[in-house]
Structure formats: structure tokens, C-alpha cells
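**Q** Below are the chains, spelled out letter by letter.
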Amino acid sequence: MISAGLRRSAAAAGVVALLTGCGGSSSAPVAALPHGVATTTPGLSTSSSGRATVTVSFRIPLKKRASSSASRRPDYISSGTQAVAFFDGTTVAGVVNVDLSSDPQTSTVVYAGGPNDGIANASCSGADIVYTCTATLATTVGAHTFFMVTYDEPVSTSSPSPTPSSSPKPTAERRLPDALYENGIILAEGQSVPLSLQPGTNPGATITLNGVAATTEFAEFEEPDGVVVRPALRAPNQGVVGDGQYDIEMVIEDASGNVITTPGTFDNGPVIVSEQDANGILTITAGTFTTPPDTSVNVDFFVSCNKPGTATIQATANTKPDTAYVARLPYNSSDYASSPIGTTTFQCTSGELPP
Amino acid sequence: MTVGTPQLVPTAAPTSAPQATGTLSITFTIPLPGGAGTGASSRAPAYISPNTRSVSFYDGKSLVYVANINLTAKPPTVTTVYSSGNEVRDLSCQMESDGYQAVCTEVLDATCSSHTFDMIAYPNAQTKSRSGVVSGGGIILSEGELGPYTVKKGDNGSHEIILLGVAAIAHFAPITTPYSYSDGTNTYTNVGVVGVGTYTVSAAIDDASGATIVLPGDYDNGPVTFSETDGSKILSFAPASYTTPPASPAPVSFSVQCVNPGVATISALAKTKPDTSYASKLTYTSANYASSPIGSQTFRCVADAASLPVTGQ
Chain F
1 MISAGLRRSA AAAGVVALLT GCGGSSSAPV AALPHGVATT TPGLSTSSSG RATVTVSFRI
61 PLKKRASSSA SRRPDYISSG TQAVAFFDGT TVAGVVNVDL SSDPQTSTVV YAGGPNDGIA
121 NASCSGADIV YTCTATLATT VGAHTFFMVT YDEPVSTSSP SPTPSSSPKP TAERRLPDAL
181 YENGIILAEG QSVPLSLQPG TNPGATITLN GVAATTEFAE FEEPDGVVVR PALRAPNQGV
241 VGDGQYDIEM VIEDASGNVI TTPGTFDNGP VIVSEQDANG ILTITAGTFT TPPDTSVNVD
301 FFVSCNKPGT ATIQATANTK PDTAYVARLP YNSSDYASSP IGTTTFQCTS GELPP
Chain H
1 MTVGTPQLVP TAAPTSAPQA TGTLSITFTI PLPGGAGTGA SSRAPAYISP NTRSVSFYDG
61 KSLVYVANIN LTAKPPTVTT VYSSGNEVRD LSCQMESDGY QAVCTEVLDA TCSSHTFDMI
121 AYPNAQTKSR SGVVSGGGII LSEGELGPYT VKKGDNGSHE IILLGVAAIA HFAPITTPYS
181 YSDGTNTYTN VGVVGVGTYT VSAAIDDASG ATIVLPGDYD NGPVTFSETD GSKILSFAPA
241 SYTTPPASPA PVSFSVQCVN PGVATISALA KTKPDTSYAS KLTYTSANYA SSPIGSQTFR
301 CVADAASLPV TGQ
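Chain order of the listed sequences is F and H. Numbering follows this note's numbering, with no gaps: position 133 of the first sequence is 133. Numbering follows this note's numbering, with no gaps: position 210 of the second sequence is 210.
Keep in mind that a hint or two might mislead.
[Stated by the list, open to error] Once the Cα atoms are required to be at most 25 Å apart in a straight line, the calculated SDA-like pairs of lysine to any residue come out as:
| no. | chain 1 | residue 1 | chain 2 | residue 2 |
| --- | --- | --- | --- | --- |
| 1 | H | Lys233 | F | Thr140 |
| 2 | F | Lys320 | H | Thr311 |
| 3 | H | Lys233 | F | Gly142 |
| 4 | F | Lys307 | F | Asp277 |
| 5 | H | Lys233 | F | Asn116 |
It is worth saying that the hints were derived from the structure and are not from the lab. Note that the structure is a prediction, hence the values are computed from the model and not measured.
The task is simple: from the sequences and hints, build the whole structure.
**A** What follows is the structure, encoded as C-alpha cells:
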């Protein structure tokens, strides 16, 4: 959902700015976030109740601005990608390590596949955060489904553990078969549609990658939905019981801190926002996200206060793909971020907010 | 004696008392060209091509009767080219009421002894020169034999000669596969993949007039065998050899597998003479029989290898 408030803030200078954290933490409580400075806009009015009203907008200065979805659409290859593995069904066809930050960008094939499945001309490239990774796969004729996975760390052909060379490499460390060692977190993965390959050269196939939600960052609430009476906003994430809905924005990022965008869905979605403490302080609506944003880096949800108290809001995601990929990777906790992938707090009061 | 150019040997004058003779009728049904009756059902029990234009009858080595048949005339007409005389009567053909076929009857006479009668069908008309040489006819459509049969005095009734179709043309159907192959420049459809699947080869085995040969007789110059004649061992298939034609005008078929990449040539082979030692002892030449192979088909096999660019985005 695109925040109307965010759009307004983008159009109007001098509005209140609340800053989000930039640490990329998987848990970003609001207390840890730099607080914005609230200022009032011109045009104060007085309500019939005699209370002063002010229109308050919030703006989220997003980290990694350059990785905004607007520049990355419609692709989702994270700029934090350092390794890409290509699979032909359950078989690793090739692995390439990439450095998208170097100039020129580099791609190094660390595994070119076996006799029946292999890659050639593998590389990842792009400009201005629009990246694509491509390889020419050589395989057998017939039905195939190809799978790609991107990692935030390079893949190694040697064990990261300092084991004697004569000792077998610990299989448990392998998160890719074929004596490949991967210790990164999955940034995105996806697979092609089932293909029936003809002999020789076939037309190209496209794999839409689904970003793995690993962290969220919350902004403070924006304003009561439809109720713009905020006599005095003195602290972030405070609301009043019975005062309507508060619009809270957040960004959902992969493990490298890049905001996930369409065209894919969240690989481990849906991302669900809920009240972690289960005290019923809040009612949260529109807090389930299966599809990332496409034109904005933000999604937003709404909370309303049911009773006084401080609620902990969490964003949870699955710790494995929501899709049964053809690669059938053995996902474990090392591949995925733990859930919840982010938290924040929201204080509900029974009356007027303190000055 | 050469078929199509048989030498007319004058009958020697009898030196003793005439032997007793008997007659027998040879009856056959010819489906009319282009009619619905050209199916196997109308051709059974003998294989007579609807494109028959002339027939010859032999008593042993002796040519006894030759006639041209015009099946396109209504009713069909018969023109006798040669008759050995005696009691041999002219061939008569009557169109059947269904209008799709003609029933022809030839009455032969022979001495009261053991005889073997041969009948040969040709796609072209025959002629007799002033010197008595009968020629023409073209490549034999079918031939068959009755006997040994002991002719008795008087009427020996009606008989049938099962004709054996002479395989002259193998019409291959395109070999269809689910695969096409692109080498980046050219794309070839209906290719086979080495080690993947089996592919059906089918061919209609026709006589020289293009009519598919059917039962009840065997192939006159069979068996018709299919083999890879390029010598490259691109294909693997069980021996495909056909002695007996199908019951209906349908192609024969067999399966092949690709074992090596390349373009294979599949050929249909047949003999250039009958597989049977007919009593007529004709000397067959290339004018009487199609050369072998009687047809061929190429089939491209490619390696079980595919490539495609995959782009993740």
C-alpha cells in the first residue's frame, strides 16, 4: 500500500521528518530509531471542539536511497548479491560469485556444472541498481525447471572451517552440494515455469526472483485515518484510545538491507504485522503483505488503540520459502533470518497526549 | 522369355492324334480406378491393381493370352492382343452393379494333364508386332500362379489366381517428432534425439502404379526390408522386414531410435525379381521390376543437448 502521507510529504517541503534507523537490524524497535523533529505546517485551524488541529505528515528518509524500487523495477536482484547459484531441478548447474560494487563489475564462475548440467557466460551486471544475472545453461532435451538463488556472501569451493586438508569437509557446512560452501543468507530465489527444451539453442527463459524478507524498519505513525486532530504530538508512536486509526509505514528488506520490490512476491511471505504481546492493546488492520511494493519502498498498515498500554508490534515471516521450489534446497536457520524480522512499540493512552 | 516382350512361339503342328482337352475359367475382380471400390475389401481375395491396363496368361512357359483393358470406359472394354487359339476365349469384363469394380473372366483350354497357369497384370497396354512379338506393359503390377492343376476333359470350372503385388515404390510418410533443433542459424523440425524416445517410420508399399499392395498374397518381390543405408549407424531399430502386405491399403510402420547424431538414410529394399519361381520362367529385367531401393527417407538425429539463456530478475 502506498502511503498517502508519504506522497504528500514528498510534495511538500518543510513537513515533519521522522527518521528511520539505518542499521539494517532484524529488530528495529522504535526506541532505537532516531526520532524526527515535529514541526507544524501553516494553516492551523480550530475544530468545533475548540481544539487546535494541525495536519501532520511524516517522511521516511529511506536508507539506500539508490536502491529504491522505482529504479529497480521490474527486477529484483539485490545490490547486495555476492553469489548466484543456478539449478536445473535439484542439480546445481553452476555458481557464480559477483561483485556488483566494483567497477567494472566482476563475475567469477566458481562452479560450471557437471557433464549434463552446466553454465556458460554467467554474469551479473547492471547499472543504477538495475541488475540482472544471466547464464546460458546446457542440459538435456526435455522437461526442465530452472531455479536461481542469490546469496549475500560469496560461495566458496573450500570449507570455511579450518579443518586439516586431509579431513573431509564437514558436510553440514555445505549449503550447496557439489563441494560448494555457502554461508550467506538467501536474498532472493525463484524458478522458471516448466520448460520443454528442444535440442540445440532454445529461446531464453526469465526467472522472477522473490525477495526473502529478512528485516523491517518501522516509521512512526502518521496520523489518525480521517481524523487529523492532533493537538500536540510530543512523542512518536503514541495514540489515544478511540481516536481512530494510525497509519504506520515500514520497509521490508532482504538480508543485505535492500528493500524488496515486485515483480515477485515475498519468498517467505506473507509478512504479517501483529501485536506481539497479545495484550489486545491494538487493533491492527491491513497488516498482511504477500506482495512487495512496486512503486514505493514503503508499505503501511493501520493501528487503533483499544485500551491504554504499550504494545509491541512485530513483523513476522516464514523461515522457509512459501513456495515448493524445484531445487528442494534444505533450508535451515542459516539460510533465513529468524522471525520476527522486526519490532516496534506503540503506546496507547486514554486521554490527551502529554505536552 | 522376357515379360512384356514375350516371343510368340508358333504352335507346332500336331503329329499324332489330338489329345483331349479341358477348359477352365480364371475369374478376377478389378476395382475401377478412382472409385470407392479401390479398397482392400473390393480387391480381396486377389490383389488386382485398379490401374491395371493389360493382363497376360501363361500355361507353363507358353504365353496363351494377352489383353488390354480399359477400365475407364463405361462399360470397361477389352482388346485382345494375343491368343494362342484353340479353345482360348477372349477376356470378358463386366462392370458390377455397384459401379466400382469389374469382374473379368478368361477361359483357358489345356490338355488333360497337369498344368500351371500364370497371370500377370501390367500398368500399360501391350502391343503385338507384325512379327508376332508382344511387348509393352511396363513394370509388373502383380503376378500369380494356379497349379499344378490337373486339367480334366470338359469344363473344369472357375478358378482364382491369387496375385502377388510387386513392390515398386515405398512412399514414406514424414517422420514426426516433438523435437526441433536449432544450431543457432538453422532450425530443423521433426528431429530425433540420441537416447531419447522412439520414432515411428511408416511407408506405404505400392505397386508401380502407386496403388498400395494388400493381402491376400505376399509381396511378389519380398520381403520388403527397411535398413539404414548411410553406413553411419545413426539409428537403431529392430529388423523391419515385411513379407506380407497389410490387409487394407495402409502403410507399414516400425520404430527407430537415435543412437548417434547425424542424418540417417532409411531405405526400403525389395528384390528385382520375384521371390517365387513361376512356371512361366520369365526373364525379368529392369523394364519389368523397379530398381531397389524402392524408396528412402532421411532422418536427422541430434545429441541430447539443449542450451538456453536464463535470466534472473
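**Q** A separate judgement is required for each hint: does it hold in the structure or not?
**A** So, going through the hints one by one against the coordinates:
Only pairs whose Cα atoms come within 25 Å are accepted, and H:Lys233 paired with F:Thr140 is accepted, the gap being roughly 22 Å. Only pairs whose Cα atoms come within 25 Å are accepted, and F:Lys320 paired with H:Thr311 is accepted, the gap being roughly 23 Å. At most 25 Å may separate the alpha-carbon atoms for a hinted pair to count; H:Lys233 and F:Gly142 meet this at roughly 24 Å. At roughly 13 Å between alpha-carbon atoms, F:Lys307 and F:Asp277 fall within 25 Å of each other, so this suggested pair holds.
This hinted pair checks out: H:Lys233 and F:Asn116 have alpha carbons roughly 24 Å apart, not beyond 25 Å.
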